[in-house]
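Enquirer: Following the hints, put chains B, C and D in place on chain A, whose structure we already have.
Protein chains: 4
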Amino acid sequence: MQTLGHFINGQMLADDTRRQAIFNPATGEASRELVLASRETVEQAIAAAEAAFPAWRDTPPLKRARVMFRFKELLEQNADKIAALIGEEHGKISHDALGELQRGIENVEYACGAPELLKGEHSKNVGPNIDSWSEFQPLGVVAGITPFNFPVMVPLWMMPMALVCGNCFVLKPSERDPSSTLYIAQLLQEAGLPDGVLNLVNGDKEAVDTLLTDSRVKAVSFVGSTPIAEYIYATATANGKRCQALGGAKNHAIVMPDADMDNAVNQLLGAAFGSSGERCMALSVAVAVGDAAADSLIEKMTAAMAGLKVGACNDSSNDFGPVITRLHQEKVVGYINSAEAQGAKIVVDGRDVTVPGYENGFFVGGTLIDQVTPEMQSYQEEIFGPVLQVMRVNSMQEAMDLINAHEYGNGTCIFTRDGEAARYFSDNIQVGMVGINVPLPVPVAYHSFGGWKRSLFGDLHAYGPDAVRFYTKRKTITQRWPSAGVREGAQFAFPS
Amino acid sequence: MQTLGHFINGQMLADDTRRQAIFNPATGEASRELVLASRETVEQAIAAAEAAFPAWRDTPPLKRARVMFRFKELLEQNADKIAALIGEEHGKISHDALGELQRGIENVEYACGAPELLKGEHSKNVGPNIDSWSEFQPLGVVAGITPFNFPVMVPLWMMPMALVCGNCFVLKPSERDPSSTLYIAQLLQEAGLPDGVLNLVNGDKEAVDTLLTDSRVKAVSFVGSTPIAEYIYATATANGKRCQALGGAKNHAIVMPDADMDNAVNQLLGAAFGSSGERCMALSVAVAVGDAAADSLIEKMTAAMAGLKVGACNDSSNDFGPVITRLHQEKVVGYINSAEAQGAKIVVDGRDVTVPGYENGFFVGGTLIDQVTPEMQSYQEEIFGPVLQVMRVNSMQEAMDLINAHEYGNGTCIFTRDGEAARYFSDNIQVGMVGINVPLPVPVAYHSFGGWKRSLFGDLHAYGPDAVRFYTKRKTITQRWPSAGVREGAQFAFPS
Amino acid sequence: MQTLGHFINGQMLADDTRRQAIFNPATGEASRELVLASRETVEQAIAAAEAAFPAWRDTPPLKRARVMFRFKELLEQNADKIAALIGEEHGKISHDALGELQRGIENVEYACGAPELLKGEHSKNVGPNIDSWSEFQPLGVVAGITPFNFPVMVPLWMMPMALVCGNCFVLKPSERDPSSTLYIAQLLQEAGLPDGVLNLVNGDKEAVDTLLTDSRVKAVSFVGSTPIAEYIYATATANGKRCQALGGAKNHAIVMPDADMDNAVNQLLGAAFGSSGERCMALSVAVAVGDAAADSLIEKMTAAMAGLKVGACNDSSNDFGPVITRLHQEKVVGYINSAEAQGAKIVVDGRDVTVPGYENGFFVGGTLIDQVTPEMQSYQEEIFGPVLQVMRVNSMQEAMDLINAHEYGNGTCIFTRDGEAARYFSDNIQVGMVGINVPLPVPVAYHSFGGWKRSLFGDLHAYGPDAVRFYTKRKTITQRWPSAGVREGAQFAFPS
Amino acid sequence: MQTLGHFINGQMLADDTRRQAIFNPATGEASRELVLASRETVEQAIAAAEAAFPAWRDTPPLKRARVMFRFKELLEQNADKIAALIGEEHGKISHDALGELQRGIENVEYACGAPELLKGEHSKNVGPNIDSWSEFQPLGVVAGITPFNFPVMVPLWMMPMALVCGNCFVLKPSERDPSSTLYIAQLLQEAGLPDGVLNLVNGDKEAVDTLLTDSRVKAVSFVGSTPIAEYIYATATANGKRCQALGGAKNHAIVMPDADMDNAVNQLLGAAFGSSGERCMALSVAVAVGDAAADSLIEKMTAAMAGLKVGACNDSSNDFGPVITRLHQEKVVGYINSAEAQGAKIVVDGRDVTVPGYENGFFVGGTLIDQVTPEMQSYQEEIFGPVLQVMRVNSMQEAMDLINAHEYGNGTCIFTRDGEAARYFSDNIQVGMVGINVPLPVPVAYHSFGGWKRSLFGDLHAYGPDAVRFYTKRKTITQRWPSAGVREGAQFAFPS
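Residue numbers (UniProt numbering), protein chains in the order written: chain A, 1 to 496; chain B, 1 to 496; chain C, 1 to 496; chain D, 1 to 496.
This is chain A alone, in the form it adopts within the complex (with noise of 0.2 angstroms):
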């Protein structure tokens, strides 16, 4: 069995005793193992990045990007291994893995004009014959701690702006599915990055609680669960670190009853099943507004997610695949049955599926809740599963009150072709990040990401312009020159 280890200062490294194994999800059989960091390693890594630090920091804004120019043509040239790999840990099918992919490059692209996004303020005479000017300097070293669910995607919404910035960088991906991760670090590495400008270690809570706590880490990015996300980020800034933690949501998609309720369930059936439902972003409630659209959509959905093909990765007629680990198959199920004991009526089950040749997977079928109302815990807590529940109110405002009730406010959604009930929705929703019968509105690579209320704790995004302000510390400089002399002095050394 393969053996993970760390990329550290462009080496491979293996030499903790701590291991644990990596699953295949679909088969539901180990398939690597994994090296888990010891406090040593991790600082052996932040170590690695601080030496690379002030030569990279010198190194022209312009040369660093050209080092994404080239990191993005290699991920083009080895999507599909990428894909795989994705596959293989986390069970995503590889239409779905190039997608998530796709999203990554873009934040190369974005990345790719740092020259551009770098640009300081200049002020001439801020007073007589004084000017002024603000530069964006990098941080030092910062670390990233991912999620299993975007093994790629979300490393890559972070190291390349991270790196352009000048920043070295320590990445601590996901313990379930490290090995695309490790993997497009060393393509960056191919890229031209020079050794100990990225370093990624593989670990577990003594690997985060080292990156949060040793003084040298100026900076933490982190997705993940609310929970954690709120841990990290008191760690981080109690230990005087700046911190961008991204948590959980509940995205909820209004359905007005003048939406255009085919292109709605179209648009629903791959933000609710879409990678099993396991993204941030997954729209995991409709709320119907009024019993005539709520009838129309549970009939029109039930009809198209008799279509639905759930499998593995490998196989890409599959619309999605297992989720990650046993534990969370049965965590999933587990909000099923309680929806359903506290009255909620299960229109399709999903509990049952069995994947003929993956009978230990950890698959769970597309699933269709209605009734659901605000007390039930599986309205509360953030399932991320491969269910869509149903909500039915009496008027938008109904509809909006609940969303803004919850304690989430990642993505939010509305169906609709009024442009004063969008206007209406996208001004009052207390939520980061909305769509306009768009139902996964995660902004594009040149915008920046990020929810509301607990859905994100800091104040910048990720990615996008935020990324430069997180990534940066601003220099101030105020010049004066005092007195003529050199310039005055020729004229009195050579009179006419």
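If you are wondering where the hints come from, they were derived from the structure by calculation, not from laboratory data.
Hints are all accurate, no fakes.
For chains that are exact copies, the list does not tell them apart, and a pair is met inside one copy or across any two.
Cut-off 20 angstroms, straight-line C-alpha distance, at most; resulting in silico cross-link-like pairs (EDC-like, lysine to aspartate or glutamate):
hint	residue 1	residue 2
1	LYS63	GLU73
2	LYS453	GLU50
3	LYS63	ASP427
4	LYS453	ASP214
5	LYS218	GLU230
6	LYS218	GLU407
7	LYS309	GLU359
8	LYS345	GLU381
9	LYS218	GLU50
10	LYS331	GLU359
A quick note: this is a predicted structure, and the numbers were derived from the prediction, not measured.
Expert: Same frame as chain A, now just chains B, C and D:
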């Protein structure tokens, strides 16, 4: 004796039972009495702010900016009164108080540009017929906690920008000199701010802790000493808030052998002793490169200091006034004593200064200390008094190593006429605000203020462009209109 | 009778011999006499501006902006006087004149943000130890030539931004109604502008041609009719200047079947007849999609127009006043006659309106014409009078084709509640300023004003962000300091 | 002999009857034959561009940028072939041609950032519930006319930015060396550009005039000599187009007495003689302040020039090659003769250089002339050859007065180590591109290129941020949704 209360929801309140005296530092006598807010009072202020938020949030930025246009007029019309209030409680001389006010007004002027500053980013066709844009929306209720040394300027670093961004504000000013702060809060109300949009509570740790832990407060801006800044940052963030906490400083000036020494001395004089050195940007250490430069600096500085005049705020011929409290006076003298005890040479001694007619005032005279070395306590800690310490080094690199090794990184300056030396300095010094022949490199209001290392906790600086990002959260909207119904329907409905 | 001269170098001058009468359009009588500048007088103004330039250029942007802060106060304090001066010579009603002034003041407010707006772009390390930055420097002497219909607002589109950018200005206002323009020029001087920075010359083609051909004038901003705009653009550019020339318009509103008709009629009423239709953004054509919409529009509009009141400027119950000259009155009536002759239906006829007490005034009443078709002269040309023409089409696409085929592309609007229709319209319409349910989509002062096609010649729009680029030229500086001499020399000079 | 035609709508065409020879300037022999486009052929290219516009305009900026990512790869892969094509027709040495290509590629890299660069400005609540935003939309068909001296770089200044902004392009390259230009046009097509989006026509004045007068061409970018630039600007604008026309130069370097003379000489050597001085940024005049500096400069430069090697493009040990034509060779020699006749001293004489094996080549050797004075013809006009003229002045101010009095204002440089002198120079010199110890201050691709005075006609510079504004027009949309119908209607429809 006048009693100072709180300003909540457009009303003055003084219900709390705990009281504390305010002193005139020039006379050493208590002059007013301050009401200290209880938790309930602070919660009342927060509630008022929260109630005012929806309407203020929806007020167009142009209208919010117009309150600032009027506020600027009122501040200018009442400048003398404001300066007098500052002088009576802080002790700074009228010209210095007017200077403080002027720097504050510059922040009001900047806030007048809110409509421009709040522009979001709009992207057409992020996909076919899909548009996306980001808006910068206010946070809700935000709080400011401000220090005694700039009772008008530092609140004006925070309030104008927070307000024009659409937030409601709760300010807790210093308990040493709150009268001028309270007065400008009332002027802001007079300028047209609706009730509850700005609230001011006087108080101590109870008030501070309420602001830090109440979940309705979304962001905290703080300026003060580093230990408190660290506490504020850790506590506010542990409570899920965004926070920027500005702390202490130890600002060095490098005096190069090619510097125009007369100019350097003239600049240092104001930068070291102005406002009794009670500025986080005060230049408290001069590092002379080479003994020739050091000897010349000591000689010319000694001569210049002979003309320094210390006294009460109302005589504008004075250069600076008392320090803030008896306790602080003793602390400053203690630092001078310790330097002497550790081997430094007291060249000009301000320990025993007396001001006729103000024999009980908290005065310390301008003090010049030579041969200061890095291990001395007076070097390692922030004195915050009218004391200039001189260090001697053999090279510019040695001087820079000193600065980079210090825990603070607020401001610094180099005196030289050499372009290369200036650029090397500004590039490699680990300090956030850098002066080239500018001893107090406070960024102008349209740049942002912030130090590095333990001088600032957080990722965004105070005022200027960073304030827009700190006081707003990003909302990103992605929009697609799915079908041509109405547009093409018209064609079907009315055939030619 | 009062004689109006020029304002040059801070002085009023009236040396020229050629004179021309200024009329009160409500009475039809000459009320003042205008001095027409000779070439020599204009050259004197240019020379004054050129002499004032070096000092004004070197005045920090913050100080230049403060002149605008004071100018805003003076404009607000003297609003009634300004409105009266506009009314006496232009004829517009006081509420309309105050509205014009308010829109002008918004441009003054925007100019107060000059320090932010003039920031250059700074790039550290464009190569190893090489920095580069761009500054936006003033051009020198620039000129504005402005129309009669907004004697205060259009000069305020130009002067504030040109001045805060550091330029000196020569303004040639309309010879029909120069009094209010001259008055605000004097207020600007009172606000603290140094002599010569702003100069105003009254005159005709001789003045215009001098400004267009004198090599000391670096840029020309013009607003007027398209034939003149074309002449201005060709002549100014042939003389090597930069130029922006805004011309005529024919602004259409599409009324969709799903529009809120009462709202549409209410909006159209002001947009078509306000200021007697003498606005380049006046909505002069309503294109109804489908006969049902057209019939409803005609019916409701006819009813609404019954309440329109035409009269003199000083009665604020009037809705609009006379047109600017006898000649123009005849021209407007001529267009109505031609429409009738070419087969259109005059639904409401304003040709024979009389205003008691003002029988000699240049009045035209509100006129509504139905069944207008593209080949009619009244459709092809700009009427610039209180005339609303209605066209009937069968589809939204047909309406858009009409608009896109017209030679002008200034403003346009659609009335609908459908998001898809609005987006399709704004995306595909060949017009620079687009309203969605906003009949006069004049951009606010912090955006920029400009049409497409033959409505604007040049590449930068008026006021707002574009004004910064139009009134400045870019200077890019690349800097490297070649050797460490002084910095390292110090080390050699003082060995330890 | 190979015949070069046009590239229109994705096809090579060579139908025109007029032909002209292309020479190899190193051998003096005709090597290829060029087809000169008739008006009809140019109109065909414009028509192809116009037809391709709607689809290209609607292609998301991200997709347009990806063509540039691929284009960059192709340029890098084919660098040697491109350099060879440049060398054969222009004569520049391979390392110089590769340098030209590299600067061109930097513009392609900048264009890859189109999604960021094309962001519009979005303002929420310009009034109550009214939003407004500005989009930057493409112009349609735009044209570029480029010079012989950079057959690859200057087209790459224009095309990438014009194309990613959504325009279609017609390029007319120089008729002296079109092969490399034609080749990169084909690579751009290979990179994925749809047919017709880029078209290239070879030709002479007939082609140029067609582009200047055809109403379908919306904008013209030109680089060449000042008399032609002036003609282009006047003609294009008289035809209602926007235009930027870059002309000639006379770039001075000031050598201060404190300059590091070895460095200055080393820098001047490349800047004066590189590419045979046929660069609009070539440094052709050195102004020494004081005779000591002048004597030292002459002495060291004479020594350095002894090592200069002139010859054919394919020997990379050569420093520079021939000039472009026999006629131009004679013109350059004529300027040297005239300088001698007017009293200057020819220190190093390149008039009679011969290159073994290339006796018929158009070579001029490196020439150094001392004691040049302002009235000399060789000073007043642009030589565009490998000739460095030295002037002697007594003060820096005198040197600056010389520069400011010259009709051109393209580039300039100062050699000094004094911060004050550098700042005074960059502030007060009337030149658009300024170097501090940088002899060829060509702005990097993420700033913009342009001179002042008669070196540029128009208001926006070439490439970089200005290119976005030049190649787009602003559309400002103001939106209000008038009533809550659908949103509240839902409430009425479904009462609880």
